[in-house]
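> Each chain, letter by letter, is given below.
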Amino acid sequence: MTDILRSLIGNALPDWLIVLIAYLLVTVIVLLFAVGNFIMMVWAERRVVARMQDRLGPNRVGPAGLLQPIADAVKMFTKEDIVPRTADRWVHLLAPVVSLAPVALMLAVIPWGRGWEPVDLHVAILYILAVSAVSGVGLMMAGWGSNNKFALLGAMRAVAQLVSYEIPAVISLLAIVILVGGMSLAQLPYLQAGVPLLGASIICGDPSGCASWLYSTTTLFPGSTQAPVQVLDVGLGWLVFTPVGLLGFAIFFIAALAEGERTPFDIPEADSEIVAGYMTEYSGMKFAVFYIAQYILNFTLAALAATAFLGGWQGPGVAALASMGGPWIHAAAALSAIYLLAKIWVLFFVMIWLRGAFPRLRVDQLMDFAWKLLLPLALVNIGSAALVVSITQWTGAQWGGLVNLDALTTWQRQLIAVAVSAIINGAATYWILSINQRPVLEPEARDEEWAAT
Amino acid sequence: MNTFITILFVVFAVYILVAAIMTVTVKNIVHAALWLISSFFTVGALYLLMEAEFIGVAQVLIYVGAVSILILFAIMLTRDLEGTQNRQMTPRWWIALIVPAALFGLLITPTVLTYQWQLPPPAPAGQSTPIAGAAQIGTAFVREYLLPFQVASVLLTVALIGAVVIAFEERERRRYVPTLAEKVRQQQRVRRPDPAASAMQSSETAGSET
Amino acid sequence: MPSMTEAVPLSWVLLLAGALFCIGLFGALSRRNTVGILLGIELMLNAVNINLVAFWRYLEPNVVAGQTFALFVVTVAAAEAAVGLAMIIAIYRSRQTVNADEVDSLRG
Numbered sequence: 001m002t003d004i005l006r007s008l009i010g011n012a013l014p015d016w017l018i019v020l021i022a023y024l025l026v027t028v029i030v031l032l033f034a035v036g037n038f039i040m041m042v043w044a045e046r047r048v049v050a051r052m053q054d055r056l057g058p059n060r061v062g063p064a065g066l067l068q069p070i071a072d073a074v075k076m077f078t079k080e081d082i083v084p085r086t087a088d089r090w091v092h093l094l095a096p097v098v099s100l101a102p103v104a105l106m107l108a109v110i111p112w113g114r115g116w117e118p119v120d121l122h123v124a125i126l127y128i129l130a131v132s133a134v135s136g137v138g139l140m141m142a143g144w145g146s147n148n149k150f151a152l153l154g155a156m157r158a159v160a161q162l163v164s165y166e167i168p169a170v171i172s173l174l175a176i177v178i179l180v181g182g183m184s185l186a187q188l189p190y191l192q193a194g195v196p197l198l199g200a201s202i203i204c205g206d207p208s209g210c211a212s213w214l215y216s217t218t219t220l221f222p223g224s225t226q227a228p229v230q231v232l233d234v235g236l237g238w239l240v241f242t243p244v245g246l247l248g249f250a251i252f253f254i255a256a257l258a259e260g261e262r263t264p265f266d267i268p269e270a271d272s273e274i275v276a277g278y279m280t281e282y283s284g285m286k287f288a289v290f291y292i293a294q295y296i297l298n299f300t301l302a303a304l305a306a307t308a309f310l311g312g313w314q315g316p317g318v319a320a321l322a323s324m325g326g327p328w329i330h331a332a333a334a335l336s337a338i339y340l341l342a343k344i345w346v347l348f349f350v351m352i353w354l355r356g357a358f359p360r361l362r363v364d365q366l367m368d369f370a371w372k373l374l375l376p377l378a379l380v381n382i383g384s385a386a387l388v389v390s391i392t393q394w395t396g397a398q399w400g401g402l403v404n405l406d407a408l409t410t411w412q413r414q415l416i417a418v419a420v421s422a423i424i425n426g427a428a429t430y431w432i433l434s435i436n437q438r439p440v441l442e443p444e445a446r447d448e449e450w451a452a453t
Numbered sequence: 001m002n003t004f005i006t007i008l009f010v011v012f013a014v015y016i017l018v019a020a021i022m023t024v025t026v027k028n029i030v031h032a033a034l035w036l037i038s039s040f041f042t043v044g045a046l047y048l049l050m051e052a053e054f055i056g057v058a059q060v061l062i063y064v065g066a067v068s069i070l071i072l073f074a075i076m077l078t079r080d081l082e083g084t085q086n087r088q089m090t091p092r093w094w095i096a097l098i099v100p101a102a103l104f105g106l107l108i109t110p111t112v113l114t115y116q117w118q119l120p121p122p123a124p125a126g127q128s129t130p131i132a133g134a135a136q137i138g139t140a141f142v143r144e145y146l147l148p149f150q151v152a153s154v155l156l157t158v159a160l161i162g163a164v165v166i167a168f169e170e171r172e173r174r175r176y177v178p179t180l181a182e183k184v185r186q187q188q189r190v191r192r193p194d195p196a197a198s199a200m201q202s203s204e205t206a207g208s209e210t
Numbered sequence: 001m002p003s004m005t006e007a008v009p010l011s012w013v014l015l016l017a018g019a020l021f022c023i024g025l026f027g028a029l030s031r032r033n034t035v036g037i038l039l040g041i042e043l044m045l046n047a048v049n050i051n052l053v054a055f056w057r058y059l060e061p062n063v064v065a066g067q068t069f070a071l072f073v074v075t076v077a078a079a080e081a082a083v084g085l086a087m088i089i090a091i092y093r094s095r096q097t098v099n100a101d102e103v104d105s106l107r108g
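Residue numbers (the working numbering), protein chains in the order written: chain A, 1 to 453; chain B, 1 to 210; chain C, 1 to 108.
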């Protein structure tokens with residue numbers, strides 16, 4: 001962006017001003033993109049859920065009801081702004097802002113396309129998790145500042161849910177951090193090149209005999225000191241195709257549903273139980289800000305899941321286009337952005353689908369699910385991720401002479417790693433699921449059982 | 001660019017101090033906690049300015065995401081009844097003011113301003129000084145700081161179990177909170193005492209008199 | 001790449017940390033509410049952390065010791081907050097108050 005501005009404006013402005021303008025422009029573009037997606041998501045959700053429930057959904061304003069969100073926005077803007085008399089005025093007013101701001105901050109580190117990352121932070125994954133934790137404070141402020149028991153109950157539920165589901169989300173992403181050896185999100189899609197299951201591990205033996213559109217040049221694994229090699233690359237080495245990535249993706253996606261307060265985890269705003277949760281006392285624009293924050297959070301979490309597990313912008317053809325050089329690099333960037341957007345929308349469609357299909361959980365079921373099922377699975381997943389790294393990257397000396405894999409080629413080692421992690425993850429999933437399906441004994445029956453042993 | 005960083009630093013510093021002062025002086029304890037959270041967040045931004053990415057993000061994750069939520073939950077679980085919290089300061093709060101003021105004015109400021117720091121020479125033009133990042137911290141935690149790292153994890157486990165044990169309340173000892181219907185029934189019983197019970201009571205008192 | 005070491009002298013950062021520490025000390029000494037005392041202690045721990053990170057950045061940026069120390073302080077602060085708040089809740093349950101000067105049954 002800085003280079004483009006520099007070429008447009010020339011050398012009239014000092015460096016720091018150009019950098020500042022570039023960042024402002026990128027910020028505006030990303031925020032507008034997110035809000036545009038928010039509008040489309042609201043429309044899509046209403047239409048798709050209506051279709052699933054055998055209704056029509058909004059179909060009056062504009063073609064197929066496409067302008068309905070804009071009509072809603074006009075309604076929200078013109079509504080009266082109500083602050084309850086006993087509310088804590090400033091806390092009540094600041095709460096929507098505090099819950100929207102972290103969500104907007106999360107957009108900054110997502111790589112939207114090949115070479116289209118607004119900020120390349122070394123600790124991007126940790127940054128996203130840290131910033132998403134801040135929105136809990138906003139919910140707490142909303143619940144307390146409204147001075148309403150339903151609002152407070154909803155806020156307590158929301159924060160308890162947010163804090164519990166953050167742990168499986170963090171740990172499932174940690175497995176990815178171990179696999180790729182870094183916390184930078186911008187690097188993640190590059191590392192998911194290659195073919196399904198094996199990733200970028202099939203090396204071209206003879207550099208002159210490999211077609212350039214099928215092979216690309218990469219280092220074998222992050223941090224390796226060997227020279228870059230030619231590997232078979234069709235842009236499908238997504239982590240979700242490996243056992244570790246599959247389990248991690250399942251855990252992360254469920255945790256993301258809970259963090260974004262989607263059905264079946266929409267307990268904090270269960271309208272049949274506690275009115276509208278922490279949003280009870282909010283009207284007009286303040287309500288709209290909460291609404292925007294929630295949808296953009298869902299959008300960002302879907303983007304994060306797509307980037308970490310589904311290859312991000314990686315897809316067939318991107319590397320081939322980029323290798324042609326010149327103006328084709330921009331074409332590759334555009335194609336990659338379309339891939340990422342398609343993945344985000346597929347994930348969002350699954351979210352809507354789940355909303356149409358599942359009833360709401362109870363609070364105790366919610367907590368059991370996080371602590372007894374997701375957390376143990378995520379911990380097992382970390383173990384198998386470490387095993388995968390050791391099988392694919394360690395030399396015989398690092399194993400201490402126990403195992404020697406030096407003689408095998410890269411793709412053979414990758415295949416062994418996949419088999420081992422598949423066995424571990426499959427067995428652990430089966431075992432933990434079967435434990436959780438055992439009926440919980442009543443206290444009296446449990447005492448009797450204890451007495452019998 | 002340097003002026004820009006200086007301005008940023010001054011803005012952050014002033015905000016941190018103002019938020020801290022509000023934290024210790026404001027009357028409403030929830031507002032105090034919210035000021036503290038904003039101060040934590042700005043300290044995280046200050047770490048980013050000092051190019052300590054990992055610490056800055058960890059600060060936000062742990063302090064703003066976890067500790068502050070813990071504090072807010074604790075405040076809401078221990079809310080005082082209305083009207084009892086009219087005095088926030090201890091009676092001799094002015095002594096508490098003198099000690100930190102003296103510490104700052106007489107000890108910290110002169111020491112900091114007069115000591116000659118042996119700063120490393122600035123990097124030659126065009127190069128940047130090597131800075132230890134997240135990768136180096138991670139390596140250090142499994143090499144030379146392995147024992148402290150494990151002790152810290154044991155400490156966290158102990159704190160986790162300890163907090164649960166201390167705050168755990170057995171079901172039988174839980175304070176009984178009557179529902180609205182039970183309250184109303186109780187009040188009605190007080191207002192219109194049961195005729196049979198009052199007759200028995202009067203006979204008892206009559207018996208004790210004789 | 002401009003850095004903070006050229007733009008801001010070390011003593012400014014240390015003065016900021018010192019002032020933050022003293023404000024936290026005042027809060028911890030003057031509050032009646034035990035949660036308020038805890039808030040003051042958290043401020044003091046933050047001041048220490050600013051100091052550690054500043055020394056790391058200005059004096060030896062290529063060694064990790066300062067950052068590691070700061071991370072340990074954060075760990076201890078989190079543990080301290082968890083146990084301290086659990087104690088406050090336990091005290092509130094048995095005496096219906098969180099004011100430090102009303103919890104004085106050990107006074108001779």
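Derived by calculation from the structure, the hints in this document are not laboratory data.
Virtual Cβ for every residue (Gly too), placed ideally from N, Cα, C.
Just so you know, not all the hints are guaranteed correct.
Covered stretches of chain B (chain C as the covering partner; in silico rule of three or more C-beta atoms under 8 Å from a C-beta of chain C) [said to hold, decoys possible]:
hint, stretch
1, 26-33
2, 54-67
3, 151-164
4, 178-190
Sample of chain B residues facing chain A (criterion: CB under 8 Å; computed from the structure) [said to hold, decoys possible]:
hint, residue
5, 8
6, 37
7, 76
8, 94
9, 96
10, 133
> Please go over all the hints and tell whether each is borne out by the structure.
Results of checking the hints against the structure:
For the stretch 26-33 of chain B, the assignment as covered by chain C holds, since 3 residues bring a beta-carbon within under 8 Å of that chain's beta-carbons and 3 suffice. Beta-carbon proximity to chain C at under 8 Å applies to 8 residues in the stretch 54-67 of chain B; the threshold of 3 is reached and the given coverage holds. Here the stretch 151-164 of chain B counts 9 residues with a CB under 8 Å from a CB of chain C, which clears the bar of 3, and the coverage holds. Counting residues of the stretch 178-190 of chain B whose beta-carbon sits less than 8 Å from any beta-carbon of chain C gives 0, not enough to reach three: the coverage restraint is violated.
This hint is violated: residue 8 (chain B) has a C-beta 12 Å from the nearest C-beta of chain A, more than the 8 Å allowed. For the restraint placing residue 37 (chain B) at the interface with chain A, the shortest Cβ-Cβ distance is roughly 6 Å, inside the 8 Å limit, so the hint holds. At a threshold of 8 Å, the smallest CB-CB gap from residue 76 (chain B) to chain A is about 7 Å, leaving the interface hint in force. About 29 Å separates the beta-carbon of residue 94 (chain B) from the nearest beta-carbon of chain A, more than 8 Å, and the hint is not met.
At about 28 Å, the closest approach between the beta carbon of residue 96 (chain B) and any beta carbon in chain A exceeds 8 Å, and the interface hint on this residue is violated. Proximity of residue 133 (chain B) to chain A holds as hinted, the smallest CB-CB distance being about 6 Å (cut-off 8 Å).
In terms of the numbered hints stated before, the structure departs from hints 4, 5, 8 and 9, listed from lowest to highest.
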